[in-house]
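Q: Start from the sequences, fold in the hints, and give me the full structure.
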Amino acid sequence: MSELAIQTEQLTRTFGDFTAVDRITFDVKQGEIFGFLGANGAGKTTAMKMLTGLLTPSSGTAKVSGMDVYKEAEGIKRNIGYMSQKFSLYDDLTPEENIEFYGGVYGLRGQELKQKTEELIRSVGLEKFRKKLVRSLPLGWKQKLAFSISIIHNPGIVFLDEPTGGVDPVTRRQFWERIYEVSNQGITVFVTTHYMDEAEYCDRVSIMVDGRIDAMDSPDELKRTFNASSIEEVFIQLARSAERGEG
Amino acid sequence: MLPIIFVMPVIQLLVLSFAATYELKEVNFALVDMDRSIVSQQLITQMQATGYFELWDEYTSTERAVQEMDKGVVSLVMVIPKDFSNDFATGTKSEIQLIIDAVDGSTAGLIQSYASSIITEFGRKRNGNAIVRIASVGGNLSKSINLISVNWYNPQLDYLTYMVPGILVVLVSMIGLFLSGMNIVREREIGTIEQLNVTPLTKSQFMIGKLVPFWIIGMFDLLVGLALARFGFEIPFLGNLFTILIIAGIYLILIQALGLFISTITDTQQQAMFIAWFIMVVFILMGGLFTPIESMPGWAQDLTLGNPVAYFIKIMRMVLLKGAGWKEVLGMVLIMGSMAIGLLGISINRYKKTVN
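Quick mapping for you: the protein sequence lines, in order, are chains Y and P. Per the working numbering, residue 762 is the first one in the first sequence, and the count goes up by one each step. Per the working numbering, residue -4 is the first one in the second sequence, and the count goes up by one each step.
Simulated from the structure, these hints should not be mistaken for laboratory data. Please note that the accuracy of each hint is not assured.
What the hints assert, rightly or not - Taking lysine-lysine pairs in the PhoX-like style, the calculated list, with each CA pair at most 25 angstroms apart, reads: (1) Lys847(Y) x Lys198(P); (2) Lys348(P) x Lys824(Y); (3) Lys903(Y) x Lys847(Y); (4) Lys120(P) x Lys77(P); (5) Lys877(Y) x Lys889(Y); (6) Lys347(P) x Lys847(Y); (7) Lys832(Y) x Lys348(P); (8) Lys832(Y) x Lys790(Y); (9) Lys824(Y) x Lys77(P).
Unchecked claim - Label-pair ranges, simulated between beta-carbon atoms: (10) Thr932(Y) x Ala14(P): 55 to 65 angstroms; (11) Gln200(P) x Asp958(Y): 53 to 63 angstroms; (12) Val350(P) x Tyr941(Y): 29 to 39 angstroms.
Ideal Cβ positions, reconstructed from N, Cα and C, are used throughout, including at glycine.
A: Structure (structure tokens):
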């Protein structure tokens, strides 16, 4: 498949005189697991919001699933899944109710929705939590549920914004197994993370510094180019040059 | 939250309807009786017999009695002068001093008019007897014009009849304005709105989704309130119940649209709450619930033309108490309807699926 899932050219977003994302150009191939790395405040979330149609770019172009982010934002939304950094399912509903709600929003109805709900509860292993409020679930389970819901409508691409933040290593491992499963189904995965070991699991990674993409390649190529033994070392070499602080 | 939504209006209706009244009951008064005669005693008995006034205590000087008023325990000081019974017997003009606590002007007015009518009545009865006696002797009955007033629609001037329909309006307004407005801002605060904004859900679908549940709750609360008004307070239902319900449905959409509009101009629940309160207080105070709109200055009356609460209170009273039908209220309903459509349009238009 030569089609591109995401294609950006000189994509920029400014807030006043602050340039959060500075002319980034990159492609993501269909079915790829694309790691989007960067320090806090490097502009990852802003870039992701532009790609998901939550934020209008200041300049540059971007196409997601072949659709223009300026003109076809609503079309893009039908074709993507999104899991935000902040847990954003309804805390005061049960997992089942959340699944039914979002399934309904994506147009699943009746028998299909019921079947999908069962399938999802089983695949996440939430059988014993199905009647409990989401609020009472451990964070790791919540994140797994949020991930599953974000792909309930079989989107072409799923955007994951720090999906494993604050999650224990075992659950993180399980989470990445799920990401591989999803990827094997042909869904493109666009993921941001702070964990450099996770970056090694990606097909390709990009590293953002001060709103720019300073490096982009497969993890092995990057290590070779920067003469480093791990992605973490590559990251530190690049991030050291950053002028922006935490933010 | 759910019990609060349903129980609160019932409690409010019960408490407010009985408490928010202009009727005077058991006003404490201090007495300075310098006459100490049978006539003065009869007058005092007459004062208390009406049930409006209750003797707090007797004092020997006006100063002492006024001190009680300063403390706030009595609202009226009645001073009966030394020669009262004497003047009364001889037919000389007799005077009684009433000192009224007028911090609350309207209550003071009521105290004055109640007390003076009791005293006048007392005097008329006594002198009337005298006239009758004279008449029986001289056979010369004086002719006078008597005014007899009849109060329509609320013959007993029952305060509850007047207040309950208005209070019902306030209750459903609170539900409509606060719940719908708060709800969207809350989603913004906890971040779930972002998840919705990356779905293909349209703005109208989102707004209608926010409107319908609280519309149902508001209508349900109104039905409970109406039932309570009819069977608990025995408010007359002269008009058609369905007319009321249809108009209430339109009114609720209007109030909710206002709530949605507030939610589109605010980022936090605190901001939204503040604006909603601000608007609600103005709407209620200028809605004709407590003070008649007709007695407001001209510019204020013009302002009430944009006040949905004023329209609905007026309609409720007209339909329930006077049996008005569509013909009489259609104009106001059309105004509310167009306001609802306008506000809803603006809110949907202002609601953005993108962030800044």
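Q: Could you tell me which of the numbered hints above are not met by this structure, giving the numbers in increasing order?
A: 9 and 11
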